[in-house]
Each structure stands twice: as structure tokens, then as C-alpha cells.
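What follows is each chain in one-letter form.
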Amino acid sequence: MRHTIAVLVENKPGVLARVASLFRRRGFNIESLTVGTTEREDLSRMTIVVEGDEKVVEQVTKQLNKLIETIKVSEISEGSVERELCLIRVHAPPEKRGEIVELTNIFRARIVDVSRDSFIIEVTGDEDKVNAFIDLMRQYGIKELARTGKVAMVRGNKK
Amino acid sequence: MRAADALVKALEMEGVEVVFGIPGGAIIEVYDAIYDSGIEHITTRHEQGATHAADGYARASGRVGVAFATSGPGATNTVTGITTAYMDSSPIVVFTGQVPTSMIGNDAFQEADITGITMPVTKHNYLITDPKDMLKTVKEAFHIASTGRPGPVLIDLPKDVTVADIEFEYPKKVSLPGYKPKMEGHPKQIKRAAELIMEAERPMILAGGGVIISNASKELVELAETIPAFVATTLMGKGSIPENHPLCLGFIGMHGSKYANYAVSESDLIIAVGCRFSDRTTGNLAKFAPDAKIVHIDIDPAEIGKNVRVDVPIVGDAKKVLAKLKKYVQYKQRKMWEDKVSEWRRKYPLKYNPDGFKPQYVIERACEIMPDAIVTTEVGQNQMWAAQFFKVKYPRQFITSGGLGTMGFGFPAAIGAQVAFPEKTVIDIAGDGSFFMNIQELATCVKYEIPVKVLVLNNGYLGMVRQWQELFYRERYSATCIGCEKTGFEAIARGFGAIGMTIESPSDVDDALREAKEIDAPVVIDFRVDYQANVFPMVPPGAALNEIIDEE
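Residue numbers (the numbering used here), protein chains in the order written: chain A, 1 to 159; chain B, 1 to 552.
Some hints could be false.
Computed spacing ranges between beta-carbons, pair by pair [stated by the list, open to error]:
hint: 1; chain 1: B; residue 1: F472; chain 2: A; residue 2: R24; range: 30 to 36 Å
hint: 2; chain 1: B; residue 1: P100; chain 2: A; residue 2: R110; range: 48 to 54 Å
hint: 3; chain 1: A; residue 1: N131; chain 2: B; residue 2: L471; range: 54 to 60 Å
hint: 4; chain 1: B; residue 1: K191; chain 2: A; residue 2: R83; range: 41 to 47 Å
hint: 5; chain 1: A; residue 1: S77; chain 2: B; residue 2: P187; range: 29 to 35 Å
If you're looking for bench data, these hints aren't it; they were derived computationally from the structure. From the three backbone atoms N, C-alpha and C, an ideal C-beta is built for every residue, glycine too.
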């Protein structure tokens, strides 16, 4: 099973290496990992998707908590808003452009670059939506693809 | 003030009295600063020896041990010592020199990425890049190393940082928003644990190294006597209760006594304190104490539920939690259980075949002749025999590398313990294989007049591996015969300027030990023991604790 874990850490050099080293050493598998700034300058937030059963997630959480620079670890698998951004360079010959534009609109994605025979399309959404859009684009020929990995936040008031 | 001077002053403010280390180019400023200070510096002959000595000092005294090493190879040589301290939760702070910040990453002479290398084996580590961070970092390092679940902290000091000019303002407090060890233990969980204790018919306490680290022996014994419950220890917990106490069953695990292993296996409640249920302690986990509910008291939440299922988790400091727990339990007689354990104890005592010259005999005599000595061990058969036959009386008396199992640990650790307690007798129970791994520190002992006594149980083999080859590999003794019967440890000791003895018969053991005890100088005794002696009883790898076997 996959779990999303949000980790609030001090914004210092080497923290990412510590987290990555911990996952490697304890044999936890990272599915995706994003790091970014937060509302506070001195803190960064990592969103880590990890594969494993409850016991693995419990250990991941506890071990992450032990890092001196970790402020807070929360699991946010349920009731959360999850988003991912993906850029796709897709083959777009003149006769297919209409179709691609239409699909892009349906998914509320955006064409951000147009060249002679390709588009770059930006799609944002949860994982399923991004996957579905990628699948649809395959028939036209995906030349290049980049995903950010997931960021997530629990719904409702901040505790 | 020069940052190196500020560092040394900070160490003085932390109460550091002694540092173990070896100087070098990148850390030369710090050595220049310590030259005028009140801190004693002991130059070891290898940085591994320095870190083990700092570790031994810490384990014997409960204070933070400090080691210095230079950059590159000096730093990498500390890694085994740091990992040993990490695995056994020992508080040490290691300072390493580093090439100047402008050269970091350029593969400069004697550059090693020691913070990268030690990341997984330190509780925390630092590379100081701004001299202004020096004092704050030292303060944090000592705090982190010594509080919560203790552990090693490394501070890497680029040379230009140590030369820089800084204000000396030593912080009074640390600010670590992500580090707040839980000490008290949840009151509700403590009450639940007490309820389980009152319901239990066959309760056992399993005391680990955490009891010793937290100085909780008094509370442990009081709880055990109140319930009353027999106490088994882990290897690291040896000494948490005096081993002549009627409730103490000694240590459990692969080479624990039969009766202790049986008692834990058949108990209906285990109150585990400051232990981590390592594989050497539990045997086959699936068959570990099948009828027992488990109360697990530990300061590190990550240890709870890591290896065994736990019914009542209590995160907190052993000393505090045990004191509180005692208030909720009352004496309850459990006659059948007491009789059963007593019968096991009578029926299955620790024993060995006394014919010939047996290593166990040497340890039994040492225990008799130097009952108050601080005992360090190397790793392997010597370690297990020491654990079985040297009955210790007080916490921190028995110092061993339990987690990492580092051969070569015992001798430098004994140096550290002796420096912490100059008046005590300190012995290292060694094998010929392990003694060789840090034998160079004999020079340190001689130079600084550190009167450690090394009892070498010389059987000419890497004995524990040899034992496994005999039992499980059809006596194919691959690479384990190291031929130390041809090595003259007595002459080696003399060559270093220490005192050496060779003992070839059991009848000479007492005199040698008595003589060594009285000598105020380092002594190495080469005991030419039978090489066929093995460690029994033994839980074969993969077996359950109650499937423990004897020699026959």
C-alpha cells in the first residue's frame, strides 16, 4: 500500500541527504519525494510517497521523527488534497492538433508551448487524473515527460 | 578569540577533563589551543583507539567522552568507534579536522567527506562552515549526545574555521525545535502496565542497557522486589541488577543461561525496560515468549514495536517510569512460578568441563580475586564467557560492544574506563584475535601510565567462528586458525614497556591474577587455554530461546 507522508524540516543544508540516507539505510522505498519552501522561511516541507504496510509506515514515521532537524511528521493518506504537475511534450502534426487541444481542454490542462510538430502541455491534478491524461497522449507519441511528484495537504482547518 | 581557543574553552565549560585523539594538519589549531588548557589529552596510537577510549570513558562514568582526529584518514579511522557507540547508545562527541572551506569538494590532500560518511552512524553530525556557529554547535552536540537516547555526535572543523576570530559567548540554552525527548511516560499507560503486572502469574522483567544509561538500577531493583519478579537482563543490561541478587537470573539470549531463557520463554508478562529486542537476545522472534504480554518501556519510540508486538508501550526515561510504576503495584506471591524458576536454576546451572586449562576457569578466578574490577571485553567467545562467569555487582561495571560486536573494542575501552576511575582495577577480558586488533594501544598505556590489565584467553583461533565451523560447517576450519600459540604476548608486552606473563596451567592462575592486581602498571597475561573449549549453552541460529542446547 502507498502512503503519503508530509515532513516539516528545518531549512538547512544536508537535511535532504539525511532523509534520503535514512530511507536507504532502513530499506524503505521512496516512490516520490518533493521538497519545497513553506509559509515560514526557516522551514521546508517534504512530501514523500512510500510503499509499504502499516508497520513500515510506522517505522518510517518514527525514524523520521528521530532526525534532529525534523519538526513534524504527519501521514496524510486520507481526506487530503493531493496535486502533481506534469509537463508532456507530445507529437502534434497539423491533422491531430484539433483533437489534442480538445482533450487538453477537457482535462483543464494547458498548452504552454507550440512548435512546428509538437506541443508542451501542462497538466495538474491528482495522480489518477495525470495518469489518465498521459495515457490519452500516448496515442499521439510522447516525446518527453516530466512529473513533479506529489504535494499534499489535509483538508479543513489547520490543527 | 581564535575559534580553536573558544572551542577548548567551551569544552571546559562542558566539564570535559580528558580528550583522546591524534593530532594532524587540519586540526593543528585545536591542538595548539588545548596545549595551554586544563584539559588532559591522551594521544592514542590509532584513531579507532581514541574513539573506543572515549566510549569506554563514557560508559564507565556516564559522562560524555570526547575524541579528536584530523581530516581524511584520521577521520575515517574513527568510523568503527563511532558506529560502536551508536549501536550501544553511548554518548561521545568526536571532533574531526577538515580541509579549509574553500577547498571542500576539491579532493584536497587528506580530504574525506566525514559528515557524509558518518550520517547513518551518528545521532547527529555537523560541518561548521561559519565560525560564528562554533559555540552553538558545541553546546548542541553535548546536549544531543547526552540526552534522550544518547549517541555519538560528530563535528567537522574546517581549518579556516578554527583560525577565525570570534566572540566568546557560550550559549546557556540550546534551541532545537525538532528535538524534545519524552521523559515522563504516559500516566494511563503506566497504570495499564501496573494492571497487567497485578494480573500476571509469571511476570519477568527484561532489563536492557537503557536501565544502566538512565541510572535506574535502584528503581529497577525496587520494582522487582515489590512485584516480586525475576529479572533477566540483555547483554547490555548486565549490571543493571547485582548478579548475586536472588531475583537476578543473569542474561538471556544466544549464550544466556538455560534457566533465564526458559523463564522468559514461559513467562506470561514481560516488562522490558530500555532494551531493543535484538536478534541475539530474542532468538527466533516468531517463537519468542509465546504466552507473554509485553510492556515495553523505552525512551526511543522507534524501538517500540520495531521487533516484537507490544501490548503496553511506554515512551519515557526508565528511571522516571520505573519509579512511577512501582507506586501502582503491590506485592503478590506467585509460589508456583517461583518454585518452577528455582527448580530450573537448580537443574541447569551454567557449567563447563573443568578438565585441562579452560578459559572459563580464568574468568571465574578473576571474578573471585577482583570482584569490584571494571570489566571490559572484546568480542566473541571471550565476551560470552565473561558475560557468563564474571558476576558483576554494580551498573557500569561490565563494558562490552553488544550491538556492533567490535573486536578490538575492549582494550581501548578499558583505557577510557581506567582514565575515568584511576583508583579502580580495570581488566580487559580478551581473545588473542581481538587483542591484536588494537594492540598498539599498549604504547598509550605505557606512556600515560594507565595500569589496565589484559587477560588474553589465547586459544590460537578466532574462537567463536571456529565454534560455528565445528558445529554447523562440518569442522571445516576455514581461515580461523591464527596461530597465536606461536605469538609471545609476554615478549610483546615487554617490547612496549609493559609487564607480560605467560600462564600455562590452571594452578598458576590465582597467583598471576593476584600479582597483576597489585601491579600499578599495564599488564598483559597470556593464558594458554584449551583451544577446543566452546561457549555453551547455545541457542542455535534460527531456534527459539527454549530450544537452547548443551555441549553434549
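Here is what the structure says about each hint:
1. Between F472(B) and R24(A) the CB atoms are about 32 Å apart, so this pair conforms to the stated range of 30 to 36 Å.
2. At about 49 Å, the beta-carbon gap between P100(B) and R110(A) stays in the expected band of 48 to 54 Å.
3. Range check, N131(A) to L471(B): about 55 Å between beta-carbon atoms, so the 54 to 60 Å window is met.
4. Separated by about 45 Å at the C-beta atoms, K191(B) and R83(A) satisfy the suggested range of 41 to 47 Å.
5. Checking the proposed 29 to 35 Å range against S77(A) and P187(B) shows it holds: the Cβ atoms sit about 31 Å from each other.
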